[in-house]
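Under my numbering, the first residue of the sequence shown is numbered 1, with each subsequent residue one higher.
Among the hints, a few may not be true.
Restricting the straight-line Cα-Cα distance to at most 25 angstroms, the calculated cross-link-like pairs of lysine-lysine (DSS-like) are [what the hints assert, rightly or not]:
| hint | residue 1 | residue 2 |
| --- | --- | --- |
| 1 | Lys121 | Lys60 |
| 2 | Lys121 | Lys137 |
| 3 | Lys60 | Lys96 |
The following label-pair restraints were derived from C-beta to C-beta distances [what the hints assert, rightly or not]:
| hint | residue 1 | residue 2 | range |
| --- | --- | --- | --- |
| 4 | Arg141 | Ala110 | 17 to 23 angstroms |
| 5 | Glu25 | Lys96 | 36 to 42 angstroms |
| 6 | Ile13 | Asn133 | 22 to 28 angstroms |
None of these hints come from the bench; they were simulated from the model.
Every residue gets a Cβ at the ideal spot worked out from N, C-alpha and C, and that includes glycine.
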Amino acid sequence: MAVVASSLGAPLIIHPGRTPESPFEILNILEAAGANISRTVMSHLDRTILNEEQLIHLAKRGSYLEYDLFGIECSHYQFAPAVDMPSDAQRVQMIKLLVDNGYQQRIMLAHDIHTKHRLVKYGGHGYAHILDNIVPKMVDRGIDKDAVMSIMIDNPREWLTFH
């Protein structure tokens, strides 16, 4: 995977394991295989790295950092009961921490809509949740509008461009 992505200039997205060590271990393996870490998205960080110090340590590695469980507002995480799933407000706080530490160009946002109960038609938050609710919350919580634009437009465009 790392060799093919690097030779094609393709972006990578990683679905890490559920332990805080997993993203670091995966990046080590990818680096050893020759992957361009700056073209890699580490997804599901909102359920994987809950510690601010660990998050900043991961940010220093240079991958994109994805918060992609927006709209999931229950603290119980059935796949890892020891983890208290953060709320959208807590996700925004972690994004602000990254922005405040100079990592706005490494942040990605998404919502993991993979079941029909998350669609508006079935009572869920729907595909517009980030634009309608999270972006305004980010601005209300002190994230600069330029940083929000970078996160929402520039970062995905840069990552998805083949080099």
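Exercise for the section: Tell me, in ascending order, the numbers of any earlier hints that this structure violates. Expected result: Structure breaks hints 1 and 5.
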